[in-house]
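Chemist: Given next are the chains, with one letter for each unit.
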Amino acid sequence: MNKQRLFLFIPLIVFALLAVLFWRGLSLNPNEMPSALLNKPVPAFELPVLPAPENPQGLVSANHEMLKGKVSLLNVWATWCTTCKQEHEFLNTLKAQGVLIYGINYKDNTEDAQRWLAELHNPYVYSVLDEDGRLGLNLGVFGAPETYVIDKQGVIRYKHIGDVNAQVWEQTIKPVIDSLN
Amino acid sequence: MALDLVQLAPEMGQFSLILSLCLSAALFVLPLVGAHYGSNVLMQSARSLATGFFIFVVFAFCCLVYSFLHDDFSVKYVASNSNSLLPYYYKISAVWGGHEGSLLLWILMLSGWTLAVAIFSRSLPLDMQARVLAIMGFVAVGFLSFILFTSNPFDRILPVPPQDGSDLNPLLQDIGLIIHPPVLYMGYVGFSVVFAFAIAALMTGRLDSAWARWSRPWATMAWGFLSVGIALGSWWAYYELGWGGWWFWDPVENASFLPWLIGTALIHSLAVTEKRSLFKSWTLLLAIFTFSLSLLGTFLVRSGVLTSVHAFANDPERGIFILGFFLVVVGGSLTLFALRAPVVRGSAGFTLLSRETFLLGNNILLTILMIMVLIGTLYPLVADALSLGKISVGPPYFNLFFLPLMGLLCLLMAFGPLSNWKRTSGMQFVKLLWKPWSISLAIALVFPLVYRDQYEILAALTVFIASWIVTALVADLLYRLRNSESMMVGLKKLSVSYFAMIIAHAGIAVTTVGVGLTSIYTEQRDVRMEVGQKVTVVEYDFILNKLTHIDGPNYSAEEALITVMKDGKFLREMKPQKRRYTATGSTMTEVALDVGLFRDLYVAMGEPLNETAWAMRVHLKPFVRWIWLGALMMGFGAVLAVADKRYRKPVKQELLAVTNPVGKLVNE
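Protein sequences, first through last, are from chains A and B.
Numbering that gives the first Met the number 0 puts the last residue of the first sequence at 180; the count rises by one with no breaks.
Numbering that gives the first Met the number 0 puts the last residue of the second sequence at 667; the count rises by one with no breaks.
It should be emphasised that the hints constitute simulated quantities derived from the structure, not laboratory data.
Below are the EDC-like pairs computed for lysine to aspartate or glutamate, each with C-alpha atoms no more than 16 Å apart in a straight line:
1) A:Lys84 with A:Asp111
2) B:Lys574 with B:Glu557
3) A:Lys106 with B:Glu606
4) B:Lys574 with B:Asp593
5) A:Lys84 with B:Asp163
6) A:Lys106 with A:Asp131
Sample of chain B residues lacking proximity to chain A, with all beta carbon distances greater than 10 Å (derived):
7) Val32
8) Ser83
9) Leu104
10) Phe148
11) Glu239
12) Leu351
13) Leu404
14) Ile501
Even for Gly, the Cβ is constructed at its ideal location relative to N, Cα and C.
The shape of chain A in the complex, shown without the other chains:
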């Protein structure tokens, strides 16, 4: 093979290098959150509570301190989010199993949210109203639904993007909760 032909292999070699990078790129999840808040306390907030008959008596507002004490889930939801609707039923199942779920009603309309809970049942201990999305911003919410596992000290231990279903629950979230209890 003459020398000049070797130059014709350059495109192939460059491509091979690129292909390796692509291969690595594929195995990374672009949605994986920068773990900035992992193992950090829930950002401080003081927000009104969405009025619902299931709420604890007389509760009008809630803050980050109130998440402490027991291991719980913090679920970001909204009525405009179709995936939340799919997820909702499973959250009801979890509530029936005794899992504590706090809600963040994210950038939503209060009346719509009340109607939604009345129709689909309320799986939440209570939901706070994050109308302008400030808490969502501090939490680094990509979009609803998202679910955070909070430990007894009010520290974020896990974040799940997308709906929580039976598979996600069994394979990822439940093991995290079990390890904290």
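Please arrange chain B on chain A, whose structure you already have, making use of the hints.
Modeler: For chain B alone, coordinates are given in the frame of chain A:
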């Protein structure tokens, strides 16, 4: 029980897709075997197989359209992309509103191009025809298996289909999105033809100028579609996204721009290969690259490797499939290239001041531009893969290198058409170009003075580059007409493809004006507007008259009524909207536009501040239409070039015609 056509359509579509996969597999194998063993029957089967492949894909596509029109929400893809309230034209365009359907559209285009090759390549040697169609068949096999195995648009939701669909993304409910993807895909996929020609040439080792001549019209056509397709996308982003921008250096935009840049290099390089039998390996490489970049675009967009607003299919499994296919296609063809491409000859056979040099310069600059855009697009991915953290590359990076290099390319562009093959005397350039140079300089220096109070040096530069391109084209035209008895006679002697070149090059000038002057002179006010309040932008006054609530077919909206006055006189009313789509609950900004050749008025509603006040975005965008007008001219130029009569002649006559090549200076 009577068979219900609505219930049956998805199954028929699915079956039809499977059949077309079988046919395309046959199209890949049989003609190649035939070409290898010299069997005419097998080689001739290529044309029939290509036709069959086309018919079944069209049928499958029609089935999907039918399911959309009849709101068959038991089909998962229909349920997640349509809604019973959607008007029928959006139901049709919703067919390519998501991943599965746009892939089917891709395949539809591919089958169309394959059929076109089968029809228009009858004058080619039989084995060449067979090989080219077989390569097209191979690409089809890849995409058909991709759609059938990972992204089937006909998948059902059974036993309980949803009552109604979750609606087409409101961003996509728009005329721009009805036509943008088909045109863009025509361009993307069109380069598969050039790719097939290049591979067929490499396989046979017959790398004479004939293959360049055969590929040229296909490359030009695909390039024209791609130009218009990109422009449509930019136009859509401009009026639909509500930010007033028309290009964002978004990964998906870049994905369509990469093949355009290298495709532009390709159509110029093909000219050199056809006329002068030079740059053969280089042209082959460009042909492979152009199609590879089209595939890369598909890969980046569809796999979710890069996150962007467009990456609606975040599915690694699909990514692995496309990557595998990409590896086979690009890796395979580059290996073939390395083994079979002709080694460069020692002597170049042209001097520094020749058309070859200018076209080489064009190729080098375009390739550098492509590489820079590619780096900017892939860098976040590379950084992530090497664990350097998540990075995004923004417009400043792209503008930093893109504008100077593109400016240089445009400056040099004026020389290309004027130069001769092999050698041009420096005196000739001086003689022909001093007038265009001085005229352009004069226009450029005066324009910013007249146009606005503040003198913008960059505006002068933009105007200079654009008028330099145009005046040099005029100088060239006049030079060619200098010996003819009358203007008309001389014009008739020039070939259609020469005018095509003029129009396309002028299109670049027009787009340059649009991009440059819009960026420099856009006036924008982001303001709080109360009912009755006035906002002034240069000579225009915008008055918010009232706010009304409106109910549309599948949305409800707030509408602002704005009166526009120019220099104190009533000009028109504008009605921007903020829509909330009932099914998805998502909100959309409907921009109000007053379109003009020299300026656009642009009003968009931001957020409501209280009952009578809104945050409003009011823009005055000079020359913004020119961006897309130029692209249309490029597309028209491409159509005209392909319509040139030399492509309609049978091969034998054409071989004679080559001795007096088109594009060479007449009477030289």
